[in-house]
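S.K.: Protein sequences appear in the order of chains A, B and C. 59 is the number of the first residue of the first sequence in this note's numbering; add one for each residue after it. 60 is the number of the first residue of the second sequence in this note's numbering; add one for each residue after it. 219 is the number of the first residue of the third sequence in this note's numbering; add one for each residue after it.
Careful: at least some of the hints might be erroneous.
[Stated by the list, open to error] Now the in silico label distances, taken between C-beta atoms and shown as ranges:
no., chain 1, residue 1, chain 2, residue 2, range
1, A, Tyr155, B, Pro192, 51 to 61 Å
2, B, Pro192, A, Tyr119, 52 to 62 Å
3, B, Met162, A, Ala489, 34 to 44 Å
[As the list claims (entries may be wrong)] To be clear about the criterion: a stretch of chain B counts as covered by chain A if any three or more of its residues have a C-beta under 8 Å from a C-beta of chain A, and this derived list gives those stretches:
no., region
4, 69 to 81
5, 111 to 123
6, 170 to 182
7, 204 to 210
8, 267 to 279
Treat the hints as calculated values from the structure; they're not laboratory data. Don't be surprised by glycine CBs; every beta carbon is placed ideally from N, CA and C.
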Amino acid sequence: MPPEPVTSAAAVAPAVRALTCPNCGGTVNLRAAGYTVTVACQYCGSVLDVADPAVKLLDRYNHALEEPEISLGTRGTLRGVEWEAIGYLRRSEGGYYPWEEYLLFNPYHGYRWLVNVRGGWSFGEMLTSIPDTSRFGDLNFDGKAYSPFFRNGHARVDYVLGEFYWRVTVGETVDTDDFVRPGTMLSREANANEVSWTRNELLEPGEIRAFGVRPEKPWPPLPHQRSPYAGWFGTAGKVALGAVAFLLVFFFVFSSSQVVARATLPIAADERDQNATVSGITLTRPWQSVEIRAQVPRLENGWVDLDYSLVNRATQQSYVASGAAERYSGSDSDGPWTEGSRTRTMTIASVPAGTYDLVIEFDGKRWVDPAVSISSWGTNTSGWADADNQPQLEVEVRQGGVSGGNLLFALILIPLPLLLALWRHVRFEQARQDESDVGRSGMAALFTSNSDDD
Amino acid sequence: MALHVPCPNCGADVVFRSPALPSRICDHCQTMLVRTDAGIEMVGTAAVLPFDVSPIQMGTRGNLGAHGFEVIGRVRWGWTDGSWNEWLLLLDDMSTAWLGEAMGQFMLLRERPLKDARSPVLRAVTGGHDAIPGTALEIDGERFTVSDARNVTCIAAEGELPFKAPAGWTVYSVDLRSRDGACANLQRDGGETDFYVGRYVELGELKPQNLRQIEGWARPDYAA
Amino acid sequence: MSGRTFFYALWCLAVVGLFAVSGVFAWSPFAEGGRASHGGGVHGGFYGPTHK
């Protein structure tokens, strides 16, 4: 036997009950008859009591009504269920920070709310369980933790249109507290007689299109708005670690260097230009860097100019580098000081394979200290280059590996977008948390300078 | 077991399914009937039910745990600021339960002996005192809060019921709610108090069949 | 969000790729010297043994 149909085909009940407004005579359609207690006539704004079959006029108004953004009677499908907007409220904190609420109805699913705060839309549901609250700390509900955001609020009804399941009046106020976690807000409303809780879930921007509303991006962010960067760090961090691992492995595999030539060259005492050639340097890799390390062990208060030309024998292409090794020392009121180094290493990049001759042009110079008068010690120049000091230039040529400077540069570049995103995440969270009644916490507080506390 | 009799007023067929449910309203002429040892008595006329868009109707069936049920009766209660339905469910083991429907939320309640309401607050209510919303108390070791306490009046009724439900009949009703969806209710009528315990349910949980079809609204997925 | 991850992965790929290419060609912006634009210098442009 086929299964029974879910809904009775025998009698289709009407969805709407029409009644006549006692004030203006207009036809008011009740879409949630039997549940609706108060309805504001859409023509004159008068508030009618429909709790019992005799319609009573509660508040008489006669004014042209503003159409809300979503006309009452509009239907839209949210998260798989069709809803009809049957009521509209405008509420505020004593006139400040106003927001809108639409009462949604589906006879098979009950009521929901659409809450519009500065263009950000949330989907609300009244809870049947009561969250565990100590009113001054975090809330735990349904296995999730919520932090306090607004405390001791007073929500006042400023404007009503359509149907409601309680006796709503303009001016009625409830005490409110709100708790948030990313994407969800729990709101507590209390008056003298009862306490109710609503869970509001932030809708994705596209979801509100179901009601013909164009999504907006509110700023500052809504209390329960997710930071666009929050979840991203986990995956991006893994990508970054992978890249760094590759860089380090590549570096250690290809960073070896070996000596291909050495020379020891005497330095003339008369500061004349000298040159020498280190012949027959064979470079085997397709491309390599050539590191030339020059050391002058006897250098003191002077310098040696160095010009290198690495010439490929076959092509006569030369690869050049220039620099100097310099070292000074002395003593002043702070004590003895030294400056510079006796060693100078220079790297020549991208040298192709081949046989090379290295031509070194060099001259050793003494430093003349103008502050020292000739008479005091007999001379005001250092004697490092004197012949009896045997000054020498020791040159070591290495076929080099991957540049450490490149590695460092790459290691700095890799996390740069992450740092940028982190900065933007912190700014987002600061803007979001600055709207609350509680201070900043977490990352937002970490990056708060004293001047931000105003 | 089910007793079929003609209505003493209009002659239409009227059924009494359980001895525990001696009262009913004739579906055709709205006469209130009570079944006694002496026979079927007429005890007045019930008010007409106001129009509503409840998804539940007489004859709706569903499942409560292992047991199937059928909706066989309804009482509509009202107070100054609203009204709601309470549907009587007859389970296939001949026990009954109430499905309260208000603001789109459903409370499934089963009667419990009054002695189970051990809290001093509830005993005070039984004794004639009022409860204050917000008061916390314990039932079976679970914490409940009084969410509502007020006089409610019977507006109308239909089907089979465990009591007479004349229009204007007023009782004092106390609603209780717990942290995780449990609920309870105390109903005091003069010297007599009834106690019910249950929980909030989604209509889909009951796997309903034969729901009322409402014009312009598609059948819900949960009932498919 | 996955778009952002994709672009970050591209960024890392570019950095690592450039690093690897610089390694292959032994090039570095931090090197002091490189290929000379002219062929001149000492010896009037010719180097190496000047006799057999």
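S.K.: Compare the structure with each hint and give your call.
M.R.: How the hints compare with the structure:
1. The given range of 51 to 61 Å is broken by A/Tyr155 and B/Pro192, whose C-beta atoms sit roughly 29 Å from each other.
2. Our hint of 52 to 62 Å for B/Pro192 and A/Tyr119 is violated, since their Cβ atoms are close to 32 Å apart.
3. Hint check: B/Met162 to A/Ala489, Cβ distance near 36 Å, so the stated range 34 to 44 Å holds.
4. Here the region 69 to 81 of chain B counts 0 residues with a CB under 8 Å from a CB of chain A, which misses the bar of 3, and the coverage is violated.
5. Look at the region 111 to 123 of chain B against chain A: 7 of its residues bring a Cβ nearer than 8 Å to a Cβ of that chain, three or more, so the hint holds.
6. Figure legend: the region 170 to 182 of chain B, annotated as covered by chain A; annotation inconsistent (0 residues with Cβ-Cβ distances under 8 Å, at least 3 required).
7. Under a criterion of three residues with beta carbons nearer than 8 Å to beta carbons of chain A, the stated coverage of the region 204 to 210 of chain B is upheld, 3 such residues being counted.
8. Counting residues of the region 267 to 279 of chain B whose beta carbon lies closer than 8 Å to any beta carbon of chain A gives 13, which reaches the threshold of three, so the coverage claim holds.
Going down the numbered hints, you'll see the structure goes against 1, 2, 4, 6, while the others check out.
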